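These are the residues of each chain, in order.
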Amino acid sequence: AQTVTQSQPEMSVQEAETVTLSCTYDTSESDYYLFWYKQPPSRQMILVIRQEAYKQQNATENRFSVNFQKAAKSFSLKISDSQLGDAAMYFCACTTGGSQGNLIFGKGTKLSVKP
Amino acid sequence: NAGVTQTPKFQVLKTGQSMTLQCAQDMNHEYMSWYRQDPGMGLRLIHYSVGAGITDQGEVPNGYNVSRSTTEDFPLRLLSAAPSQTSVYFCASSYAPFRYGEHEQFFGPGTRLTVL
Numbered sequence: 002a003q004t005v006t007q008s009q010p011e012m013s014v015q016e017a018e019t020v021t022l023s024c025t026y027d028t029s030e031s032d033y034y035l036f037w038y039k040q041p042p043s044r045q046m047i048l049v050i051r052q053e054a055y056k057q058q059n060a061t062e063n064r065f066s067v068n069f070q071k072a073a074k075s076f077s078l079k080i081s082d083s084q085l086g087d088a089a090m091y092f093c094a095c096t097t098g099g100s101q102g103n104l105i106f107g108k109g110t111k112l113s114v115k116p
Numbered sequence: 011n012a013g014v015t016q017t018p019k020f021q022v023l024k025t026g027q028s029m030t031l032q033c034a035q036d037m038n039h040e041y042m043s044w045y046r047q048d049p050g051m052g053l054r055l056i057h058y059s060v061g062a063g064i065t066d067q068g069e070v071p072n073g074y075n076v077s078r079s080t081t082e083d084f085p086l087r088l089l090s091a092a093p094s095q096t097s098v099y100f101c102a103s104s105y106a107p108f109r110y111g112e113h114e115q116f117f118g119p120g121t122r123l124t125v126l
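Residue numbers (our numbering), protein chains in the order written: chain A, 2 to 116; chain B, 11 to 126.
Treat the hints as calculated values from the structure; they're not laboratory data.
A quick note: this is a predicted structure, and the numbers were derived from the prediction, not measured.
Accuracy of the hints is not assured; some may be wrong.
[To be verified] Take a look, some chain A residues computed to stay more than 10 Å from chain B by CB distance:
1) Ser23
2) Leu48
3) Asn59
4) Phe69
5) Ser77
6) Asp82
7) Gly86
8) Asp87
[Said to hold, decoys possible] Pairs of lysine-lysine, DSSO-like flavour, derived with a Cα cap of 27 Å:
9) B:Lys19 x A:Lys56
10) A:Lys111 x A:Lys71
11) A:Lys111 x A:Lys74
12) A:Lys56 x A:Lys79
13) A:Lys111 x A:Lys79
14) B:Lys24 x A:Lys111
Ideal placement from N, C-alpha and C gives every residue a C-beta, glycine not left out.
Okay, chain A solo, but in the shape it has when bound (with noise of 0.2 Å):
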């Protein structure tokens, strides 16, 4: 079964560093997609940064970077310049397999950012 893993139940970071938060991933597939999802107090999904397996450059999103290790089944984000506005849970997600486009989550890293 495929499975998602973020081994950081919370995180803390001061305003204006860098924190990495970390994924791990399982899938037979040869062909998938990762995805990082922030969930502010809100409530609302907001994607932050995408990855096609294929790519070897990781993707970037302004402040948004992510370490893509593909042998190691491995998938992190760095926030840079951290700011207030970053505090949220965040969310790792995998491509389930096939054409149907679902997802499998991991359950999430609480990130909160100290002025």
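Once you've looked at the hints, dock chain B against the given chain A.
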């Protein structure tokens, strides 16, 4: 565009009652899905649909029914509510992955359901 809308935002039920959670999207997305979110569990897929008239089960389908009569709507029915169904429910939609490759799933604001 309103995106993905869900009603109601909050609901309290008694054990054994039935109800329907509504979900609608105005982006002409073929793919729609329902997830439940429980503390410490992340989001788990309940049911999904790849187009009107086509539905299938996800990871945790028991106790829930869905139908997809139109592209826009994907209601989730609880047949006989149980306390174990207390959760936050999210509806999501996207362009058809099998037609356009993997696309971002857009999520609704969620429905918090409490079953007493």
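Status of each hint after checking the structure:
1. Ser23: holds (15 Å)
2. Leu48: violated (5 Å)
3. Asn59: About 17 Å separates Asn59 of chain A from the closest Cβ of chain B, which puts it past 10 Å; holds.
4. Phe69: holds (15 Å)
5. Ser77: holds (17 Å)
6. Asp82: The assertion about Asp82 of chain A holds, with a minimum of 24 Å to chain B.
7. Gly86: holds (18 Å)
8. Asp87: Given a closest Cβ separation of 19 Å, the condition holds.
9. B:Lys19 x A:Lys56: violated (39 Å)
10. A:Lys111 x A:Lys71: holds (25 Å)
11. A:Lys111 x A:Lys74: holds (22 Å)
12. A:Lys56 x A:Lys79: With a Cα-Cα distance of about 18 Å, the restraint between Lys56 of chain A and Lys79 of chain A holds, given a limit of 27 Å.
13. A:Lys111 x A:Lys79: holds (14 Å)
14. B:Lys24 x A:Lys111: The hint is violated at about 32 Å.
Comparing the model with each numbered hint stated earlier shows that hints 2, 9 and 14 do not hold.
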